Structures are given as C-alpha cells and as structure tokens.
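Since chain A is already given, all that's left is putting chain B on it; use the hints.
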Amino acid sequence: MARQPSARRSYDGVVACQPVTIPYRRYSTESAAWWIARALHELTRRCGLRPSDLDGLSLSSFTAGPDTAIGLTQHLGLSPRWLDHIPLGGASGVVALRRAARAVQAGDADLVACVGADTNHVDSFRKTLSTFSRFAQDAVYPYAAGGPNASFALITRNYMNCYGATREDFGKICVAQRDNALAVPHALMKRKLTLDDYLAARPIADPIHLFDCVMPCAGAEAFLVCREEAARAEGWAHVRILATIERHNAFADDPIQVRGGWAVDVDELWAMADVRPDDVDFVETYDDYPVISMLQFEDLGFCGKGEGPDFVRSHDLTNDGSFPHNTSGGQLSVGQAGAAGGYLGLVEAIRQLTGTALGDQVRNARIGLVSGFGMINYDRGLSSCASILAGSA
Amino acid sequence: VSTPLARPKRKNPLARTRLPLLPAGARSRTAHGLTRAAAEGRFALQVCADCGHVCYPPRDACTRCLSVRLPFKDIDPSGRLIAETTVRVSTDPYFRERMPWRVGTVKLDAGPVIIAHLHGDTIEGEPVKLVLKLDKSGSAVMLALPAQETPDMQADPVWREMTCDPRYRRVLVSDGRNAVGQAMARAFSEAGASIVFVGVADPWKPFPGQAELAGIARVEIVPLDVTDTESVNELAAQNGGRVDIVVNTAEHVRPGGIIARGNLAVAREEMDVRYFGMMRLAQAFGPVLRLRGADGASSACAFVNLLSVHALMNWPAFGASSAAEAACLSAAQCLRAELRSGGVKVLNAFFGPLETEWFQSVPPPKLAPAALAKAVVAALQDGVEDVFVGDIAQDIRERLNSNPKALERELGSQ
Chain A
602 MARQPSARRS YDGVVACQPV TIPYRRYSTE SAAWWIARAL HELTRRCGLR
652 PSDLDGLSLS SFTAGPDTAI GLTQHLGLSP RWLDHIPLGG ASGVVALRRA
702 ARAVQAGDAD LVACVGADTN HVDSFRKTLS TFSRFAQDAV YPYAAGGPNA
752 SFALITRNYM NCYGATREDF GKICVAQRDN ALAVPHALMK RKLTLDDYLA
802 ARPIADPIHL FDCVMPCAGA EAFLVCREEA ARAEGWAHVR ILATIERHNA
852 FADDPIQVRG GWAVDVDELW AMADVRPDDV DFVETYDDYP VISMLQFEDL
902 GFCGKGEGPD FVRSHDLTND GSFPHNTSGG QLSVGQAGAA GGYLGLVEAI
952 RQLTGTALGD QVRNARIGLV SGFGMINYDR GLSSCASILA GSA
Chain B
189 VSTPLARPKR KNPLARTRLP LLPAGARSRT AHGLTRAAAE GRFALQVCAD
239 CGHVCYPPRD ACTRCLSVRL PFKDIDPSGR LIAETTVRVS TDPYFRERMP
289 WRVGTVKLDA GPVIIAHLHG DTIEGEPVKL VLKLDKSGSA VMLALPAQET
339 PDMQADPVWR EMTCDPRYRR VLVSDGRNAV GQAMARAFSE AGASIVFVGV
389 ADPWKPFPGQ AELAGIARVE IVPLDVTDTE SVNELAAQNG GRVDIVVNTA
439 EHVRPGGIIA RGNLAVAREE MDVRYFGMMR LAQAFGPVLR LRGADGASSA
489 CAFVNLLSVH ALMNWPAFGA SSAAEAACLS AAQCLRAELR SGGVKVLNAF
539 FGPLETEWFQ SVPPPKLAPA ALAKAVVAAL QDGVEDVFVG DIAQDIRERL
589 NSNPKALERE LGSQ
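So the sequence lines, in the order shown, correspond to chains A and B.
Counting in the numbering used here, the first sequence runs from 602 upward without gaps.
Counting in the numbering used here, the second sequence runs from 189 upward without gaps.
Bound conformation, chain A alone (with noise of 0.2 Å):
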C-alpha cells in the first residue's frame, strides 16, 4: 500500500552560524573528548556565551567509545535540555543540521551545539575498521582489510566499467579540489596536485591510487542552530535552511553500488528549495573517494545517471570556475578526522555564505548545496543527506 508522503513544514525562522573548526592533526594524542571540548571552547567564545548557555547537543564520534553523547555532557559540564548522538559518519553534518533545526523550530531548545569530532591515534585506523560493524567483521574485513579503499575500489572499477569514466575524469576532481585548498590554513595536503601526479600516484587498490584516497586524522568541526531572531540580536551571521533530505539503505537490490539515496529524494529537495540546479553558486560533496562525488553530481540533479563523466569534463571544478566544488578543498585535501569529514562540507558552506571562507571566497556565493554520504557497512555507503542553504542578505 503505498502512501503519499505528507508535505513538508519549512525551516523558516532557524538558522546555522558559527563555523568552527580545530585544525586538523594527521595523529593526536588526545582523546576524542579533548576535540570536542576545543570545538565547543571555540563555539562557545565566539558566541560569547557560557557552556551552560547551551541548551542542545548533537555529537558525532567514531572515537569517544565507550562514551556517547550522555557520557560527554558530566565529562564536559553541560546541562542540556535536548541531546542527540548522531552515529552517521560521513551523513553526520546535514543530519544534526535538520535535527536540530526542528528542536529549535519547536521549541523544544534554543542554542543547539551539533559537533563532529574524532581523535587519530596511531593504530586507531585499523582498529575501527576491524570492527566497523558486524557485516565488516564477518563479511569484508577478513578478505585482504584492505578497508574503504577495497571497497571503494570495486565501486570505482564497476562505475568506470559502466559509464566510461577514466582514471583523467577523477583526477580533475582531486586536482580542482586541492586548487581549493591551497589557499585554506588548515588543509593537510597543500602542495599543488598537477593531473600528472595524480595519475602516476602509486596504486593502492586498483584502479584507487594515492591520491583518491583521503588521509585519516584527528580534527573536530562545530557550528550553531538557533532561531533566526536570535542570531539577528545577537550580530551572528548566519543561513537559512531552504532544503534537507536523508535516506537509508536505498536501492539494497543495486547488485553494486551506482547510486545513493539522493536520487530517491532529488526531486523533494529541490521543490522544498524552490530553487534549480543552475540556482546553486556551489556543492560540497562528500568525497571520501572521488568516485562518490561524482555520483552526487548525477544523483543530485546537475546531470543524469551516467553523464558524471561528460558533467566533470565540460566544468571547471574550482573557485573561480563554472561550478565551485568543495570549496575548501574537501576531505581529499583537508583530511579525514572521522565524524569530523560529515562536517566538512556543511561548515564550509556557513562560511562560504556568510562571506568568511578560510580559503577563497566564491563570488557573490548566494546559495549553496551540502551532501553528505556515510556509513559503509559492508559493500555500499547506506547514509545518503542533503541541504540547500542560502546567505542571510
């Protein structure tokens, strides 16, 4: 029997704002709750509020085990009225977003801290993994641990077998993006990546070679959601919410992975905004592979299903070009800090809207997408997300 979904409540009157991030460190030390103290630290003085102030929280972490967000509110001395721990990984950022957005659209808190944050010990990597989730256990991790990269590489190889991608085709994304991100303080890999590098980067699980891969690390990104009248009073600059969508383990009978849950929702997502494609001024995929942004580009709307190609190799993907994509250089240039990456994208869009990028501002950026792509729990990411923000003036 099927149902006709129920329209949609707007996000009028909530806003994001205060994009932070802790520079990112390729292994820490410190803990998962020391990232997430800095983070809300820095929120927290750039707010000019107390820690009591805070009244929601939404935390994401691979690393805080054996704690969730409970455990984190004693260890950090927080009271809040409304808590969420959002285990999503790289669909973290967007989810906490439109979580958020409806606490505080209800009533139901005010000032919601949502954190993203992992630590990187030096064997941390190949521990998450080996326990990733039951399906890795038993079913992934035994034939060679060759982690996400294995994984992405089948994904990668069958998409190439399918569409007629090359190895050049990705490569203009990692190329573009660390054009972003040379600009950007924090990135971990800031030496300019010519196609020639990229194409003679040694292999690591064929046809992924070096630089398609992302760097794990420890780092932690924050930002705000509170009521627009709020952040008004206050001088915060912010953006609206025009848009969000998420989907879970769409598309289970796709033999291998093609698609993600964006296609199921595209159409609502772009309705909801009332905007087009051609209206967006940038995209902040989620690139933990390159591969993966280029079936946001399809899945999203900006081209149809086996058009990435022909789509990445008729654009210029950086900042000053025909379609600015991760702006600040992405996961593939910044790093990877865990829970950390599902924020990447969607706290660069609060700055890139708010005119306050770290890097290279997108001119005269009015509205931006975020998508978010999580949780490979044993042949396919299941966590699909998406929003359409939009600057304040």
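Honestly, the hints are just simulated from the structure, not real lab data.
Watch out, some of these pointers could steer you wrong.
As the list claims (entries may be wrong) - In the SDA-like style, the derived pairs of lysine to any residue whose C-alpha atoms are separated by at most 25 Å in a straight line are:
no. : chain 1 : residue 1 : chain 2 : residue 2
1   : A       : K773      : A       : N759
2   : B       : K317      : B       : R286
3   : B       : K295      : A       : A851
4   : A       : K728      : B       : M287
5   : B       : K295      : A       : N762
All values derive from a computational prediction rather than experimental measurement.
For chain B alone, kept in the frame of chain A given last:
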C-alpha cells in the same frame, strides 16, 4: 591460467623462518554457520524458511519478510564476478606480507552479492563458482573459482593458502605396519608429496606388505613407536622440522564392551596406542608444526586423525574401543585450538568398519584402506576439517543429526 607449482627450493638453513600470522578470524555466532559448512566443504547460505529469500552477509532476520527463521542450506554456488580489485595496501599484518591480493564482488545467481577472495584464473565479467574455505584463522571465507576447471588450478597461491595440498609437502605416516598406514603412504606418494616418512615400530619384526611399502616412490622408512615417548621424541628431534603433514595411522581395534572386557589390560593398551599415542605425536611434532605454519609455499599445514565414527556415538560391540576413539576426538578438538595460532589445520577423518582383519566378523559394507587414504588426501587438497568416509560413516552421521537417542538404542541392539 595458473602456473604449475614448482618444486620448492631447499631452504637456506640460516634464513629466518617466517612466523605465522593469521587473517582476522573473529566472526559473529551466526557467521559461523559458514564455518560449519566450510569445515565439510559444503556451500551453504541462509535461506529464509518463510519466504525462501537467500541472505548474505549472515544475519538474524530476513531482509524481505523480517522472519528470524534463517537456517543455512546448501545452495547453487554459481554467479558472476562483476567487479574486482587488486589490493596493494592493507592494514592487516597477515595480508601486508601477502600483497598484492585480489578480491571481487560476486553476484550470485541465487541473489546475494558476495565479496570474495579470487582464484587467479577468475576473470572480471565472467561466470564464477563460489566455494567456502577455512582460511588460516580457521574461519570461513568465500573464494571465487572459474566456473570451469582450469589446468593446475590447485597451484594458485590463494587456493594453496586455504588448503593443505600434499604436493611438494613432506608427510609423516606414523604407523606403516598396518594396511591403513601402507595405503596412506601410497596415496600421499601418488599425490606428489616430496617425502613420505613412514614410521615402523620394531623394524626387525617382518610384517605383511613390508617389501611393497619400501618400494613406493619417495617413501622413507623411519623407526617410530607411538607407544614409546622416547622413540617419538627422537624422530621429532631428527625430522620434526621436515614434516609438514602428520597422519596418525596407529590403530588398535578390539571387540568388546565395558563389562565384556572383564579387566583393564586391553583398555590400557588401546588408550596407550590411540589416545596417548596421539598425544605423544602432538607434543613432539605440534610445536614445530605450529612454528612452521607460514614457512613458504610448502609450509607445515595439517595434523590428520583417523577416527572411528563411533567416536561420535558408542557402538557397544566395540564399546571400549569406541570410548578410546571418543577420547581421541576430544583431544583433536583441543589440538585444533592449539595449532590454530600457527594456521595449521586438524583434519578428522571419520570412518566405519574397515576391510581389515580386526573387523573380520563384521558384515559389509566395509571400507577399503585405499579408499580411506584417497579420501584423506582429497580432504587435505580441499582444505576441509571434517570428512566422513564411506557409507557407514555417512549413515551414522545422518542418524546422529536426526535423532541421537534413536542411534544410541540402534547401536546398542546390534
């Protein structure tokens, strides 16, 4: 096409022996349903008892109807390799020293999508056949093979890593005085073992088949008496580092139940030959087998127990003997856990009455020693852990699975 296996070069005695590492062996309890199938060389997946949906990875509810009735069933292993990758960088120490390593995505005709190890002869886009194998950790993994057999398939390094093929390995058969020991020697020689050491106690005492045994290619007779600790230790000291597969053929079969025996004399003897004999072999050869579990393409790989199927359910006509076999089975389970850290398998071959003098009064069907030997070699080539050889062993196993109490009564009235 696989490159035929080359005879391994002599090992440099000064070179360090590579220590065994294991791939990750942790599995959920449900996933050990695959281990159970792999141990016997079957291919089984969960099939929903309510809607027939085939599920993978192992799980606790059907993705089509949410039923929790998901038994493992043997199913058609055919599928297609839809994408492959060659992993060159791994976080896992075991795979790091075996890079590069191919894995791929297989779409099974029965439905599920399975990430699998790839045999070297598989081709992307082509049909494949999946098999379940026990990897060095002892847990089940999926291996994709070409749909049709290819020449020298068994020489593939991935295949060899998951099996115990005797080819170019050195084998110790513990007792060559009996028919089973002699059949084993012949079978291992024919399977391409580079040396078959055959233990003979009291070599000055002639025995039937002696000349034929000595005439088998690559057989080397060695003095060995499994009831004599010194003899076992001495052989291990001399040749322990040159033995890759131990096959315990020492037998002691006498009729009679517990009361029927009337005293402990024979029982002590059978425990000494069977249970303590196995223990002596394991204590003398186990440590070096375990240490040499990753010693090149012809590493140490298996300890083979030949067990009466009545280890699983007592046959009172041979009741005391069955009890000794049960002790050996229990010890084999222990040995399996102890050898696993070296990636060395324990193969238990279960069989019913043999065509030998000790079962002279038992009616057929009976198993020829040569058939047992052939089955043991095949089981090692397949890398299985438990094999039931012959009609009686298969029959007992099925009856045991369906109603152990009925089997107890049935064997008690034979």
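Hint by hint, here is what the structure shows:
Taken as a hint, the K773(A) and N759(A) pair is honoured in the structure, with Cα atoms around 19 Å apart against an allowance of 25 Å. Our distance criterion of 25 Å between C-alpha atoms is met by K317(B) and R286(B), whose separation comes to about 24 Å. For the given pair, K295(B) sits about 18 Å from A851(A) by alpha-carbon distance, which is consistent with the 25 Å threshold. Annotation: proposed proximity of K728(A) to M287(B) holds, straight-line Cα distance about 20 Å (limit 25 Å).
Taking the CA atoms of K295(B) and N762(A), the gap is about 16 Å. The hint holds against a cut of 25 Å.
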